[in-house]
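Trainee: In order, the protein sequence lines correspond to chains G and S. Its first residue numbered 1, the first sequence is counted upward by one per residue in this note's numbering. Its first residue numbered 1001, the second sequence is counted upward by one per residue in this note's numbering.
No wet-lab data here; the hints were simulated from the structure. All of these numbers come straight from a predicted model, not from anything done at the bench. Virtual Cβ for every residue (Gly too), placed ideally from N, Cα, C. Hints are not guaranteed to be accurate.
Simulated restraints on C-beta separations [unchecked claim]:
| no. | chain 1 | residue 1 | chain 2 | residue 2 | range |
| --- | --- | --- | --- | --- | --- |
| 1 | G | Gly-101 | S | Asp-1066 | 33 to 39 Å |
| 2 | G | Ala-108 | S | Pro-1277 | 39 to 45 Å |
| 3 | G | Ser-103 | S | Ser-1164 | 29 to 35 Å |
| 4 | S | Asn-1070 | G | Gly-101 | 23 to 29 Å |
| 5 | G | Ser-103 | S | Val-1027 | 54 to 60 Å |
| 6 | S | Gly-1016 | G | Leu-139 | 55 to 61 Å |
| 7 | S | Lys-1134 | G | Lys-294 | 19 to 25 Å |
| 8 | G | Lys-99 | S | Lys-1134 | 22 to 28 Å |
| 9 | G | Gly-112 | S | Arg-1326 | 34 to 40 Å |
| 10 | G | Pro-150 | S | Asn-1070 | 50 to 56 Å |
| 11 | S | Ser-1023 | G | Ser-103 | 25 to 31 Å |
| 12 | S | Gly-1225 | G | Gly-112 | 58 to 64 Å |
Here is how the chains run, residue by residue.
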Amino acid sequence: MDTQLDAAAARFPGRLRADAASGCRLHRLLLHPAAYLLYISFFHWGILSSATRFVGLANFRTLFAQPLFLHSLVTSAYYTAVMIPATVLLSLGIALLLKEGLSKRRGAIWRGAVFLPHVTPVVATAIIWVWIFNPQFGLANFVLTSVHLPALGWLGSVNWALPAVMIDSLWHSLGLYVIIFLAGLASVPRDLIEVARLDGAPRHHIFRRIIWPLLSPTTFLVVLLATVNTWQAFSQIFAMTGGPHGGAGGPAYATTTDAVLIYQTAFIYFNFSLAAAMSTILFGIIMTLSLIQKWISDRVVFYR
Amino acid sequence: MARVELKNATKQYGNGQAPAVSSADLVIDEGDFVVLLGPSGCGKSTTLRMIAGLEALTSGELWFDDRLVNGDPPDRRNVGMVFQNYALYPHMTVEQNLSFGLKAARTPKAEVRQRVAEIAHLLGLDTYLGRRPKELSGGQRQRVALGRALMRRPAVFLMDEPLSNLDANLREQMRIELARLHGQLGITTVYVTHDQNEALTLADRVVVMESGKIRQCGSPAEVYGQPADTFVAGFIGSPGMNLWTAGWDDDGKSVWLGGRAVCLPRSYLPVLEDLGPSITVGIRPEHLGLFRTGADVEVVCQVEVLEQLGSHTQLHAEVELAGEDRARLVARLDAAFAVHSGEKLVLTAPSGAVHLFDAESGRRVDVDQRSLAGALVR
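Could you build all of it, start to finish, from the sequences and the hints given here?
Mentor: Here it is as structure tokens:
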């Protein structure tokens, strides 16, 4: 195979040859699994190769006839639709607070504190969050009741299981996005803010007219990363609501996102072809969303 | 237009750190063009930022006319500022850049449009209003930055090394344009630079700073002709003044400095006796020459390097001062003179070109040139 790649690369002149060879290898590494996944989704794929047969679009037809799959898409969309604005608003807000509101030394301590959850293992912290959301002994209900709000069922409730997972996911992922926003804020020249202050622009005006537009490439990056990450969210959901036997995301499939259903279909029911078809659809959704975001960014994002 | 006064103004960034600006006293009259000049880190930009309100004074007072503005935020001081790197909003067009401040102040749209048109016309920006900064040349960006600072009709115009990002030709053009603009508008202007050409050509008054302190404040002719101390003497002029510190002696005909290195007329004797056994003598490179008629100061030196600069020759030489390290000398000579490295020369200067400084404090000692027979003014 390498010989074939090198032969293909040899068609390029001079320095390009090395780049072309690396490109071919990268292509094989990244695109080959995706293409193979697409290939499997058109087959009935058994564990034993003798059971494998071409079925065309049958897997996709089966999926769209399954209410659970459609439910998982809606759940994923809901999860993403809440998570992305929350991620952007909270991480930007925290980044602004860390940049403006704290001294240098305190800022460094708080930056570390905010980033720390991101480097902790998802499954380990999910167990802590399961305890926090325990309806009887958990901290979440203790806080709610102490401010005279009703206690919630959290992970045991159809309505509150997904929000509980969202809180854990936000807690875990915000640190990374805060750091990205801090880097973006640091790249906004101080002179521009000072000129605006001399011009008498109020703080909100400076943020809206200067900082926010100059931060648009950073915001675009955060939205893009958050979209991909939330559509693929699995670990927190599995660890918090997977249950001991099925990993289906409960109760009553309340947290069954597309990624959770793929896992369940492939590794609990061993239906690889259906899981491959689901993955293909998930890949298509993420790709489409990314392209839409790119299209929007070309019109909205300002690159200096 | 406003009169700006700094009274004992000090800026210190941290406890235990040397102050960036130390006890600065400065009066900038209405309509004056004042240039803060000094090497990097001398506190000139900090002084400007204190006037702008971007830095708070650690102690002292800042007055705009009869108003103490220490606690006023930048927008309440009515100042316009031009930054070194222009600080144009990159995502806005020239028109949006110009109008930003007035729009933020909720000025009626018709007035904003009229003002933009006026400023664009004044600075020749009419055809660029729809462009973004990255589509403009350095000079055009600079003009937009000037225009934006002028939009609110500032009482004080502040410029922080506004020409340093331009190439030499453009810098000269912009310098002339700035002088023209100041003549036209007459706004009190404080201009920061480390380029003495800019300072001497633009300023009504030059404020020379070093290590956070104001060393001298005077007209360009004063800071060049009567430098207040050895720092100003060495800093102003290109190259700076030759300064030699040494003991002196009298041989009955002349007064010699540093053994037999620098010869002064005997009429200096009473002045030197008053100053003590050691003095600092300064002569500007352009005042030194070969075989100059009417010259009564002589400097013995050995040529080291000659730089042919077309219009003149710059001579670098060594002066042998007794008991001292060899001192350096720079002279600007007529290009026609043929001198060679290694040659021993006697350079001459008129006695009026000699500057005397106290050897210990470095402060200038003013000598009455008309009657050098003893008139000493400290």
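Trainee: Mind listing which of the numbered hints don't hold for this structure, in increasing order?
Mentor: 2, 5, 6, 9
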